[in-house]
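Q: Residues per chain are reported as follows:
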Amino acid sequence: MNTLILKTTSRFLFTLLLLLSVFLLLRGHNEPGGGFIGALVAVGAYALFALAHGLTAARKLLPLPPLRLVGWGLLVALLSALVAFFLNKPLMTGVWFSLLGVKVGTPVIFDIGVYLTVFGALLSAIFGLEETADRTPEEAP
Amino acid sequence: MRAFVYNVVLTVFWMLVTESFTLSNFLVGFALCFLILLLARPLFDAPSRRYFTLAWKLPRFGALMLWEIVLSSLRVAQAVLSPRLSIKPGFIAYPLTVKSDLEITLLANLITLTPGTLSLDVSTDRKVLYVHGMFVDDPQAVIQSTHDSLEKAVLEVTR
Amino acid sequence: MSFLEGALLALTLTLPFAVYRLVKGPTLPDRVVGLDLITSVAVAMAALYALLSGQTAFLDVAIALALFAFLATLGLARYIEYRGHKGD
Amino acid sequence: MSWLIVLPLLIPLTTGILCLVLGSRSAQRVLGLVGALGLLAAALALLSQVNQRGIQAVQVGNWPAPFGITFAADHLSALMVLVSGVVAVVVALYALAEGDTPREQQGYYALSHLLLFGVNGAFLTGDLFNLYVWFEVLLLSSFVLMILGGSKAQLAGGVKYFAVSLLSSILFLVAVGLLYGATGALNMADLATRVGSLAPGLRDGLAMLFLGAFGLKAAVFPFFFWLPASYPAPPVIISALFAGLLTKVGVYALLRVFTLLFTQDTAFTHTVILWVAGLTLLLGVLLALAQGELRRLLSFQLVSHIGYMLMGLGILTPLGLTGSVFYALNHMIVIAALFLLAGLLERLQGTTVLVRMGGLYQSHPWLAVLFLLPAFSLAGLPPFSGFWAKFTLVAAGLQAGQYAIVAVALLVGLLTLLSMGLVFAEAFWKNPPRPLAGTPTPPGLGVPVALLALLALGLGLWAEPLLALSQRAAQELLEPSRYIEAVLGVSR
Amino acid sequence: MILAVTSAFLGALLAPLVYRWLGQLAGWGLALLPLGLTVYFASLLPTVVAGETVRHSAAWVPTLSVNFSFYLDGLSLLFALLITGIGTFIVIYTGGYLKGHPDLGRFYMTILLFMASMLGLVLADNIVTLFVMWELTSLTSYLLIGFNHTEFRSRRAATQALFVTAGGGLALLAGLVLLAGMGGSWEISELLAKGEVLRAHPWYLGALVLVLVGAFTKSAQFPFHFWLPNAMEAPTPVSAYLHSATMVKAGVYLLARLQPALGGTEVWSSTLMAFGLATLLTGATLTFRHTDLKRLLAYSTVAALGALVFAIGLVPLTSYYGAVGFATFLLAHSLYKGGLFMAAGAVDHEAGTRDINQLSGLFRVMPITGVAVGLSALSLAGLPPVLGFIGKEVLYLAALQAAPAWIIGLAVLGFAVGATLALILTVPFFRGQPPTGVHEGPPSLWLGPVVLAGLGLLVGLFPGLYNPLADAVASAVKGAPTSYHLKLWPGFNPALLLSLLTVAVGVGLYFVYPRLQAWMAQDPLPGPENAYVALLRGLLRLAARLEQTLQSGSLRAYLVWVFAGLSGLVGLALWRGGPFRWPGETSALSPAQLVLVALMLLGGLLVLRLRSHLAMVVVAGIVGAGVALLFLLQNAPDLSITQFLVETLTAILIALVLLQIRNIGEVPRGRWLDKLVALLFGGLVTVLMLGMLSEPIELHLTQFFAEKSLPEGFGRNIVNVILVDFRGLDTFGEITVVGLAGLGVYALLKRLRREEKP
Amino acid sequence: METWMALLVGGLSAVGVYLMLRPHLIQFLIGFLVLGNAANLLIFTSGRLGSAFPPLVQPDGTVLAPYANPLPQALILTAIVIGFALAAFGIVLFFRAEQVLKTLNAEAMPERLEAAPAPSPVDEVREERA
Amino acid sequence: MIELLVYALVALGIFFLLVAAIGVVRMPDLYNRMHATSKAGTLGVGLILVAVAVFYQELSVAARALSALAFIILTAPVAAHALGRASYLSGVKPCEDTYIDELAGHYQKNHKLESVDKTTPSSPTES
Ligand code: NA
Ligand code: NA
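Chains L, S, Y, B, A, D and H supply the protein sequences, listed in that same order. Our numbering numbers the first residue of the first sequence as 421 and each following residue consecutively. Our numbering numbers the first residue of the second sequence as -13 and each following residue consecutively. Our numbering numbers the first residue of the third sequence as 9 and each following residue consecutively. Our numbering numbers the first residue of the fourth sequence as 0 and each following residue consecutively. Our numbering numbers the first residue of the fifth sequence as 186 and each following residue consecutively. Our numbering numbers the first residue of the sixth sequence as 4 and each following residue consecutively. Our numbering numbers the first residue of the seventh sequence as 1439 and each following residue consecutively.
Derived from the structure by calculation, the hints contain no laboratory data. Some hints could be false.
[Unchecked claim] If you want the footprint, here are the derived chain H segments under chain S, 3+ residues with CB under 8 Å: (1) 1440 to 1452; (2) 1513 to 1524; (3) 1538 to 1545.
Just so it is clear, CB atoms sit at the ideal spot from N, CA and C, and this is done for glycine as well.
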């Protein structure tokens, strides 16, 4: 939709939504939220931006093609699950350590994997459909 | 903008010192740091100082907005709840004086939230804002009052 | 029933109006307006429930909803813009 | 030690992820084969472990059962995993030989390994909800594999496959929810100790719900119609993968659930299973007789023979379950071989419509042998693997006094033979009605088919090892306490 | 013995290599395999004749108590000698008959595989081993009948033979498994000792019927005889070997083998005699329909097989005539029929036709073959001094001892046709002018017929040569030591009279043969083959009908099947479960929640009335939003957020897709059947849910999670800790699903983009 | 009053099934979504209702009771996500099917692109026909 | 005292939401209905959010409640604009009472919007 109002607002909302998304991701272990919810909000951010500014502009705001993110997300999740191997514990056993005073555990890293995977997969769906929609000749009824 | 960056950096420092990374602590820290920066205002150059005036103007703008929303809601309530619908709806073209994207958007959104008017679209050459009004017995009066209150307020914060 | 419980019930009573518009139409945009109203009520309900339960966690529902809901409106608006509303 | 049980998941998962992350197609090819071989090796190691030390269990996340998710490998699971490894290797070889670039670009390798990830997860999990998740993993990968290429037939078949699969997912979900609500448990061993106390109506109703949910995946009557509507559509390698693995997951789940959880009122539940088995057998083979296109025909044969696996379950004796397990293992190999072979024929002749084919006995005698081995095995003729499967089932049925199902089983064997005989006569013996337009066929394509065909023969000539293992699987299934003990770690 | 069978199989598999290596001489080379085996089995003659048996066993599939075990007594030895001995000549014969055929290597392999299987069959002691071999003979026979595979008739005959014999084989399998269960053993030698147990067992009749079906189909007994003449589409070596001398005798062998265990009852003897006689007469009658040499011989084979079955039926009723008659006639028939077939093939090969009406004066150009045919025909006619005469004599003696006169009369009629056929076969050799350009074939073509005919003559002249083995065979069939002095000239007795009568009738029939032939050929009788054809046609028609109704291509129909089937099963289970338990105490929904519940139901119902697709999506949002709000009010914030987000994104996706679809089509109306099915299913879900709620739930999992979430999972949001830690594997699967969906969408859309790029 | 939930779930299931039985794929999809919602409500109810607090551990380590059963919530989250993935894939699949097959009516999508005559062991005429 | 304020805010909020709901039903056409949701609806939600902020008197809670409010104020007009514009473009007719339509005919085929010549109102006081 090519409207000035939407374009201007979406620029602002995009960052806001991304911020909210990261907020929901990182807080998820203690408060409502988590990787999946965070990813959905991030997808919403990109969907909004693509809607207002077009697909090409939205693609520029993403360092990787979305589908590649799926692979990386799964890889992060897998690695977090494998850490336990080195401690001689079963698959996916939570391993916690302190990082700069913040308690970080493999379950949290796993949640980041969830975030990346869901984000990549859904965004690839939205972008894919936007791309085909872009080519549909627009016509007034 | 530089002042804002300073403010944020100081706030992060505050959070590290207090060892609390909550939103509330951020806000407290932000407010504190702002006050400190306010004291140090003369150290900043002219464009940066706009940060401090904006810090004053923005709340005023917000308050105006809230007030307008209340007014408009009451107006709607009156219209909705009166036994006979006493509305005079219509689409009117509102000539814009504001120019930038941000200004136009702010104005349009403000118009939607204020009594009896709802922004529909901006013309492609950005000269006219088409508005749907609930009570447009006198389109020119609507235009004039909008121009006087809302557009002025917008210009105040953006320029 | 406490005041807030009553308030919650009162809030749900706005929903039938929205549902009426949603089902009645007559155009697709009208239905979207109904849906918009439901979203607003949902945000209000989340906030109210945050009061009622004493758990601010429900405020997060309100935040997420407030930011996200209008995406649906935008998506549907785009459909309406290009595909019309005839018969909807 | 505990990692061996999850290795059959981790290997395909890692392979799949690396294929996604790595862009290079040649790297993916190598990975595809290496992953499959690794899976096979892991499966062998797991089986030998289970065979030596009994049922193995691991508590994922190190949370004690029944709170976390338990993975358990008994003989049944380990055998199923092993055969999935065999099918994986064979299909990987076929894919390598075929080298279909567009398909590879759309992520074939990642998808097929993620499919295996789901399949092996389903075989090994000891948690009912977790099983649901694995079903979804393998379903979605199968959806995508089904439509890779996006031909008309694929989309039309894909829509039906997708629609019916959605249904089975929801049914499964509902069944798990109800079972949890009635017992408070999700771990299958935990459930096994609780299901008995449920009200009979609810218990059997739930049993039927599971029969429906898994029966849809296993493609049994009256839930099988989606399979012949969709399996002939995708490229043959994908049909083979599906035919070998997917329905067997449903069969596995039925075997698991109807030996571990629902064994209280076998006069009802297992009689229903026998009816389902009989009708599946008969209708499947009859519909196969009506087919003039090879892959659709094979799809109906696939359906029909699922009935054999249910037959042993319905009989519920050691011999019957031995037969079921052996049949499932044998069938994975045989039907995958036949589907791959159908692909070879399609390449050679440009069609799989039987009346248009012909002349292969003359031109490709070895191909004829490769067809006859699995075809006769499918019909249950000696000395092929299918014979032992059917023989065991027939013996079990007669011993249990289930004469009707035995009669059906024998009749279906005969009709299968007729059907395969007609295929042989049409595709191999007769002269083609008009010159055939085949496409160049890479030389390596016959190798995987030959491997499977020889396996079908080898398992027929030397059935003992696999039969003995199947028998141990059956014994374990009939003694749920062993499984429960291994999972919960306490004897009850 | 195990080695013998295994080496036969291995030798067969090597045949194509040998063929490639030896070329035209391969027939002679390969004949060494059966020859060697013949010698080996002949070396066992003294042992067996002395009344001993040989048994070798190796474990095969111990799990199922299946052994690779073999057992040799008189009966199996006779068969083994026939199989390997005749096999030797057949292989040699093949080398001449199919000289230069492109598929000869394959043929050698298949026919030797057949020989090995047949050998295994007659030697097997384990029931399963026997069955495996049994089916292997069917399979190899299938490939051999279909050797001329480009002809439709060959393919049809092969399929038919396979269908009938393998079908019977399946019945046999069931019967054998029953037998093993009845006798408690998988070894035939052990079962034979338990005859009384078996006959008294309630399963006796069932097992008997199943075994008989197996044996009758294989041995082409009425009403399954039709496949055998059709099988003459095979090359002549096959006809001679499989369809006269060996395979078709497998059924006879089995009956004889099991006679001591199953025989001795009324039903055994009467059934065998009835079917044997019927087959004898059928074969005899249908002989008149043909002028083709091989067809004539095939029907005569059918008749002879009937006679053999008839004989086995007589065994328990007679002192020793039945068993000895069986032993003698069996050998005689194998010798003369094998020879005749090979000779017929030689004639066909040299003269180019098998129609007796077109053959004449052959003796002058093919004297050696002529002699062989003459001698064999004598045996066929049952005339001295050949073995056929002795065999028939003893059979008549047996019949005279145990059968009523009318049966004997019918039997004479049946045997008389043998005499007729003997005339039909020999006359073309001696009457009329020899055809030009026809001459005697190579030795490979006449060696077999000559040796076999010569053997018939030799044993006929000196029956004492065969007597010890015949006694051993008879003992095995009888199940008790039996001996009888075989004589060429038994003196004047009723049997001789019957023989004379037989020949007289036969000669008489020869003179009406042309007229009978013309009459029967123009108006073929409806027979069991018509039933077979009708059965198959019906089967295929049924299949087509089933496909139309069941596999109709309608997704809707498939789904209705699913829901209806499921509802039926669940409903049945609930109904059987007896009185329904209602949930007891439950918690209250607040009024606000009740309003939500009502609105969701209302919204769901209203969706059904809409006539626009996107409107339906939007209105269905009531349900989605209602669920989210219920989650909210039920203290599930994570769920509520997720539900809202997912509903929103779903609506966006649907809108995005519908935006791009031009002709979306009407909203179709529902049908009453759909309503019924939906209501039924919904009702059952409600009932199941009420049943679930009436069960006490144990919250041990929940308590564990609540306790461990913070101290061990380091998270305060229990739901999230479950998701990423307690049940993290679920989530792993779940994100894989999401990732796969992304891949799928990519694959679907990528293709679209590429396609539409100009 | 979980009974109400049983009625609601049953009612929504019926609606969902009815929609899934319509031949149009968009209706099928809506039916699936409704049925999925019903299934989620069912699981939710299976953990029993009547809570007053969300399943969140307070900073002091206690959980305010009666708290909502977190296990069904986690299961539903997984189910929602999976259902969403299925729906998303389905939407695009149907879209693609419409582009290629030119219809969204499942009944109009052919199961076989061509009918192939079955071979017959008894019909000798067929040979000549072919 | 605080409690009373909270209750008052909640009651007012629900009142405005009810107004919006009734408006959505009662108003004669889409454009007028949008007035109801975009104004009364926003205010209703906002009041309840403020009530939450007041009730807890914690900065973090207030921050979250007010940010939710900010989001709504930010998005509601945009949504109304998008929906109203799309509806007008797709031909949703305003009700018959509509007094004036200066937008009519200004949308072009490609959804571009022409402007009309109108004099800018004079600014009353130049600051
Ligand atoms: Na398992
Ligand atoms: Na999740």
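Q: Next step is simple, just say for each hint if it's right about the structure.
A: Evaluated hints:
1. Residues of the region 1440 to 1452 of chain H with a Cβ under 8 Å from some Cβ of chain S number 0, which does not satisfy the need for three, so the listed coverage is violated.
2. Using a Cβ-Cβ cut-off of 8 Å, 7 residues of the region 1513 to 1524 of chain H lie near chain S, which meets the minimum of three, so the contact claim holds.
3. Note: the region 1538 to 1545 of chain H has 6 residues with beta-carbon separation from chain S under 8 Å; the three-residue rule is met and the coverage holds.
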